[in-house]
Each structure stands twice: as structure tokens, then as C-alpha cells.
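Whole structure, please, built from the sequences with the hints as guidance.
These protein sequences, in sequence, are chains A and B. Each residue of the first sequence is one higher than the one before, starting from 1 at the first, in the numbering used here. Each residue of the second sequence is one higher than the one before, starting from 1001 at the first, in the numbering used here.
Treat the hints as calculated values from the structure; they're not laboratory data. Remember, it's a predicted structure, so these values are computed and weren't measured experimentally. Any given hint might turn out to be false.
Claimed, not checked - Some but not every residue of chain A turned toward chain B, in silico, with C-beta under 7 Å:
hint : residue
1    : L16
2    : E163
3    : H331
4    : F354
5    : P361
6    : S378
7    : A383
8    : G443
Built from N, CA and C at the ideal position, the CB exists for glycine as well.
What follows is each chain in one-letter form.
There are 2 protein chains.
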Amino acid sequence: MLPPMTGLRLDYAGCLSDRVGEHGLDAAALEAAGPKLAELTRRLTQTKGTGWERWRSLPLEPLRSQHLTAVKSLVQQRGPKTDHLLVLGIGGSALGNIALQAALNPITYNLMPQQERGGPRLFVLDNVDPLCVGQVLDEIRRLDPGLKRTTVNVISKSGETAETAAQFIIARSILKQALGKGYAEHIVAITDPKAGTMRSICDAEGYATLPVPDGVGGRFSVLSPVGLFSAAMCGIDIEAMLDGAAEMDTQCSQESPTGNPAAILAWLLTTLGRRGKTNHVLMPYCNALYPLADWFRQLWAESLAKRVDLDGKEIFAGFTPIKALGATDQHSQIQLYREGPNDKVIGFVDVESFDRDVEIPTDLQVEDLRYLQGSTLSTLLAAEKRATEYALVESQRPNFTITLPRLDAYHIGQFIQLWLITTAYAGLMLNVNAYDQPAVETGKVATFGLMGRAGYEQWKSTVQQTLG
Amino acid sequence: MLPPMTGLRLDYAGCLSDRVGEHGLDAAALEAAGPKLAELTRRLTQTKGTGWERWRSLPLEPLRSQHLTAVKSLVQQRGPKTDHLLVLGIGGSALGNIALQAALNPITYNLMPQQERGGPRLFVLDNVDPLCVGQVLDEIRRLDPGLKRTTVNVISKSGETAETAAQFIIARSILKQALGKGYAEHIVAITDPKAGTMRSICDAEGYATLPVPDGVGGRFSVLSPVGLFSAAMCGIDIEAMLDGAAEMDTQCSQESPTGNPAAILAWLLTTLGRRGKTNHVLMPYCNALYPLADWFRQLWAESLAKRVDLDGKEIFAGFTPIKALGATDQHSQIQLYREGPNDKVIGFVDVESFDRDVEIPTDLQVEDLRYLQGSTLSTLLAAEKRATEYALVESQRPNFTITLPRLDAYHIGQFIQLWLITTAYAGLMLNVNAYDQPAVETGKVATFGLMGRAGYEQWKSTVQQTLG
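Set out below in C-alpha cells:
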């Protein structure tokens, strides 16, 4: 039942019909899928590190060392000069950064004093909401009025993404006003190493830059400088993270599915998905892991949800990723997950051993609460998860659990690479290109039109005609 | 098309077949539903303020004044003595508190200095994750080592919810250790006014208390002291909020559907839901409103997702509420919303006029970005929303928009009451009891069993037998 994963463990017993009846899959079917899965593994091994699958090489040599050297050198340069790090990006240029910070630094990180943080305060602006952007910029200027201890890290491959471009123009202007000529030293751009709008700006203004590696799409880029720079600035052990990712890559290169958790996960989710379980929930039992569910949400949605023309018939492929948080959402979503439409697969994520625990004291003498006293929060959290898993099984709701032995950079690296490779398998299984996002284009060009960008004028009237 | 709502506006043109073809509803069908909707309005008017619908009276006299007086008196007492407010609760005892704070105070609130905040720092602990709880408790003790300026606000109707009880035992013990005999003055409990475990503790220890009003379920309680106390402590205008809710209640008491946005919303969502649009997305274009989507998530899921036995046949009613954030999730979920399964209704929420804006300066000379320069973030955000709405219509994806003229307490009160009443209508339309949550029970008792609570021993072996 449990593939011999090093570190991370996958338990998918809850997806099998033994446990959840007709809503599950037969263990025999998984066995029968073995040769097909092995064939997909061979295909992925052939394309690994090439074309749109260059992201698989990120934790491996030579890219690993190239990126570590470049990132560390910039961290050495900017780290001692930075108390406030402002990341500008959106989508794949922000979700990974937010997720790594949440997973591996305290939830109170920005409130902590400098000496306890081990890195600058981190603000990731991934929207153009004027209230939110204004409040964050105000706060940074309050904490650092001259912006002498502030670094802006703009992340955009092309520089043309409207949201990031707008943020950047604003942040650059503020830095320039506060710092005068030296402002360019306070900007680190992560962008295309050769071409594009942002590249031209960097070259003209002399910013320090790191590459968005060639052939690595936004949602596959967290283990590149895109995610590594802000993480390393905030004291995260990026080498251990890449080690974990590399180890997972080795596991997921095995042809035998029993040793290859990505092949199994992709098979479970696409097979159940085709049988009507189209909503895929990721529900960590750990606040720190919740933003990783957001990262998963982009990966799973943009990679797999594609319109496919099959013999002139339009098929809408893909699944709806949903994030939930245990135990919190037991008091919000479990009624739905048990008695709502049986259209979901619930993926639990738990941590086997927390680095810190909180004891529940014994000094309150109340009979009804005695069972809690003398126990710990980690014991209670584990019981809640197990009880919820039981309750789902009892309602025949398919579910699986990914367990992190500890919450550390190595296992986060494993987790990330596991889902990236799972997505690659799922793309092949669904026969879609996991690396494009054609449906996002319309909104982009319509925005250009509404904002009056030259060459996009016709979109303004098209929108007007449709929406009034 | 636009019902004459005072303040909040609902635009549902995107749900009609005029715009989204066969995936929408006929305007004639809504007209034909008029008499049925009027009948439901009469039923709700009869039960309003009684039984499980007592929540509808919260913004009305006499409850309004009773609660305002009690809450304000406690705020007057604890406010000047509090720099750190720690709320303990989960589900309906936390989601509203978090949502109000996010909607009506700056995103940087806890980082701001006391004099700019106008209230204590707020920490809402809605989980038993040892890492998160430990980090928050550490931080409060670092900021206020003697806990002299800390108030703990525990929210639990019965006192038996395991998560809140555990948090409470921990927080009480810490207060007691730091403050000695006077610790009870630092606790404000919101609980059943007459009976229950927490009531007994309050009576024995002499805490200040506020009532969870009789007949008001957790997810319907945000406009009671449950949500009002922490909001008022943090400077939110709770009277304006209740005013907005009362005004919306009046609108939603109108028999004519065209003037009753709750009747229309419920009809749209349940009718589309029955036709396969079972995923209901709420997507505010405003970071401050994002946690209100979490509040909606509980309301919509727990109230409507019910197993119904119809002539011996098991029906799983209800819909899956999903939260998303604009413009951010355009770069994460719009590929799915346009080319994934057409099983969603997308509900946009936007703010017509932000109280502050950020200009995009003109000092960067780059041709490709000229269209942004001289504009503002609010203009860009509005264009993004409109472009996305257009892109959804173009893919025949039903959608609607709720517009808040301004982001303030009055309109948040309207928004809350609108969704509460919409849920009441939807319960009647689906023929389910919107006020229970029977499927949550199994997980609760199984947790008791796993934690060794007397009387629940058999659950431990039942879980063991099922999960191994």
C-alpha cells in the first residue's frame, strides 16, 4: 500500500474500493495500469530536461550549482543591506515565494524583531488592489522612511504582465524619489536573461538580475531563482530544498509504479477524475502548508484544464483544485465533503513530527474536558485528522494522505517536485499540453484594450458590445 | 436587469442565456418564478426572528440595542487596557471575526504602531496546529511579557468544541501564570448565557461574558456579539454594520423578486446548480474581501450540503463553494474557469470607489508600458475585472457581480445579511434544513474516542478497524 518513498510518504488506501466501495478504484486496476505507467515514465525520461520539461533539471547539475551560485552571491550582496524585501510578481512569480515563506518561516515572521527573524521582512505584492498595495507601501515607508534598507525584487519573464509592470513602475519611482541615483542598487530583477521589456529596462538601468531559465514556465519555476532568491534572503535552506527535489526526481524516474509516487498520484487523480470526481481538494493539517495548496491550485488548474477538440467534438478536460485547511475546515467544509455531491478526491497533507509542540495543561478542573488535559496539540491535531479520514471513508469519499516526516526545506522540496512531476504525468494521461494556458490570453488583451494600449483598441469596443 | 438595491448592487446579466447561451437561464424563467419566490418570501417573513431564524433579528430592535450596549460596555472596559487581543474559536466562531477585520482594517494592521491602529493587535487562533499556536503565543509574550495588556476572547457556545477548549485551557494557564489572581479579568467569554461547559467555567471563575444568542447557529452569528466584540475592539463601526444589515433585511423582505436580491441570487444559484453548475465561486477583486469568501464558504457548504432521502433514494444536495481572488487568480484559475469543466457559477465582488488609490507614475520611458503610465491601480483593477468578465462570457460561463459602492462597515453589513438571507431561500428551494450539520458529528465523536474521552471508547476501535 505504501510506496517506499524516502522521506515523504503517500498513503492512497482511501482511494481504493476496499475502503470506499464503488466510489474507489480497484487495486487490481492499478496493477493492470503498471505497463502503461512504465511507458509514460519512459516517455518522460526521454523528454526530461528538454523543451518544456526543462524544469525537471532545476534541482540537478549543472543548473543547480549555477543557480545556487548566482542566488547566493546576490543574497550575500543584498542580504546585509536589507530589512524589508518587497517581491513584485503575480501567479507563478508569486505563489511559490509565498508558499515557501509560509512553510518554512514562522507565521509571525514579519512581526518578529530582526535578530530573531534571520532575514528581512518579506512582503509579496501579487495584486493591483490599490488599498492593499497602498497599505503595504505605506508600512514599508513607515518602517524605513528613506528606503535605505529596502530591496525590491521584481519577477517577470517578459516584463509585459500588466499587474507586475504597474507595481514595478510604482515601486521604482518611490525608490528613485527616496534614494536618488543609487536606487538601481535596490532592485533585483528576475527575468529573461536575453530578451523582453524587463530585460531592456534592466540593461538600461543596471539592475542586478537573476534568470528565469529558458523553457521554464511560471508555475514550474519555484525551484529556479524565481523562488530561490526571496527564500534564501529570508534564511530558508535552499540547498536542502533542491536536495529533496532531486531525491524525489530519482524516485519518480522509476518505471515500477510502486516506487513512483508521481505516477500513482497522477493515475489515481485522473482515473477518479474521469469517473466524476472532478474536484480535487488539497487539505493540509498545518497552517504553514496552506499556501502550498494555493501553489498546487495554479499548477493543477492551468496545466490540465484545457479545451480539446476530439473529432470535432469539444471536450473540457481538467479538474478543479480546491484548498482547505485542517482541522479548521472540519468546522466549515466537512459537512459538504461528507454529504454534498460525491465529486471530490480529498488529499490530506500532514506532518508526522512537529519541531515544537504545545502541552494542554492540567490545571482546569472540568470533567468534560479532562480528556484533553495532559495531552498536546500535536496529538489532538493528529486525532482530528484521523477522525476526519475515518468520517470520509464512512461516507465513501475517496481520499489520500501525503505525510511529511518533518516540516523542513528537504521535505518541502520533495513535495514540490512530487506535484510537478505528477502534473507532467497527468498531462500525458489526459492528452493535454500541460505547459500552455491559451485561455488566459483573451483577458490579457481585453485588459490592454480597456487600458488604451496602442494596437488593442478593437478590444475595447468588443467588450463594450458584449457587456454593455 | 439591476434590482434597485440601496448601496450594494447585483448584476446577474451574466447568468442569463442572452449572454452565455445554453449555459445560462432565460430571463422569462426568472419572471415565471416570481410567484414561487413571493411565496417563499412570505414563508420566510412568517418564520423571521423565530426558531432557527432568530439570526434575522440580530440587526433589528430590540436585539440590536441589547447587543450594542453590552458589547460597547465591555469594549469601554477592556479596550483601554488591551494592546493584544487573542480570539479563540473555530468555524463560525472565527471566520466572521477574521473576515470583518480583513475587510475593514488595513492588511498591515498588526504591524502598525498602536496610535495608528486605533485598537489592539488582533490574533485569531482558529486551529490547533502546534507550530502556529506556539508561534502566536510566543509573539504575544514577546510583545507583552507580563500579559498585562493582553485580552483573551474565547468564543464557544457550549465550551465542548475540542479545538477551542484546548486553546482555552492553554491560554488560561498562561494568563494565570503571568498574572496570578487577576487573570480572570483578562478573559472575555462569548458563550451560551444559561448552560454548558463554558458557562459553568465563566460562572465559577468570574469572567466577563457576552451571549451567543439563543437559536443563532455559529455560521449565522457574525452580527451577534460573536463577531461584534472583536470588531468593535479593533475600531470597526459596528453600528453602521448593523444599519447596513437591517437595510438589506428590508429589501430582502420584499415579495417582488426584482427588488429582492436574496431571492434572485438564491434562485440563480440553485437553478444553475441543479443544471450541473455545482461549483460556486466567490471572487472578490479586493484583497480585503478575500476572507469574506471564506466566511461564505462555510455558510454555503454547511447550510446546503445535505443528504436527503427521497422515496428511499439517497440524494446528495448542495454545492461546492470556492474562493478566488481577483486579479491575482486570473494568473492561476482563469484557464480552468474558461476551458475546464463548465460546472461553475463565478460570483465577482468588486468595489466601485476605493478610499485610496495609487497612481502609476510616468517617469519610466518604455513604449510597451506607456498605456499604464498616468493611470491608477483602481483603473487597472477595474479593467482586469471587466476583461475577465468578458472572457468568461465569451466562453459561456455564467457569472454575476455584487458591487460595493464603497468598502465600509455599512456595505459589509449589507453583504453579510444578503448572503445569510440568500442561504435561507436556498435551503427552502433545495428542501434541506439550512441550520443543522449532521455529518460533522462523526468526526467529532471519533476525535473524542481517539483522545480517550470517557464514554467514547468504542470509536477508537471502530476507527482502527477501518483505517488500520
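Hint check:
{"no.": "1", "hint": "L16", "in the structure": "violated, 12 Å"}
{"no.": "2", "hint": "E163", "in the structure": "holds, 6 Å"}
{"no.": "3", "hint": "H331", "in the structure": "holds, 3 Å"}
{"no.": "4", "hint": "F354", "in the structure": "holds, 5 Å"}
{"no.": "5", "hint": "P361", "in the structure": "holds, 4 Å"}
{"no.": "6", "hint": "S378", "in the structure": "holds, 5 Å"}
{"no.": "7", "hint": "A383", "in the structure": "holds, 4 Å"}
{"no.": "8", "hint": "G443", "in the structure": "holds, 4 Å"}
Taken one by one, the earlier hints fail for this structure only at number 1.
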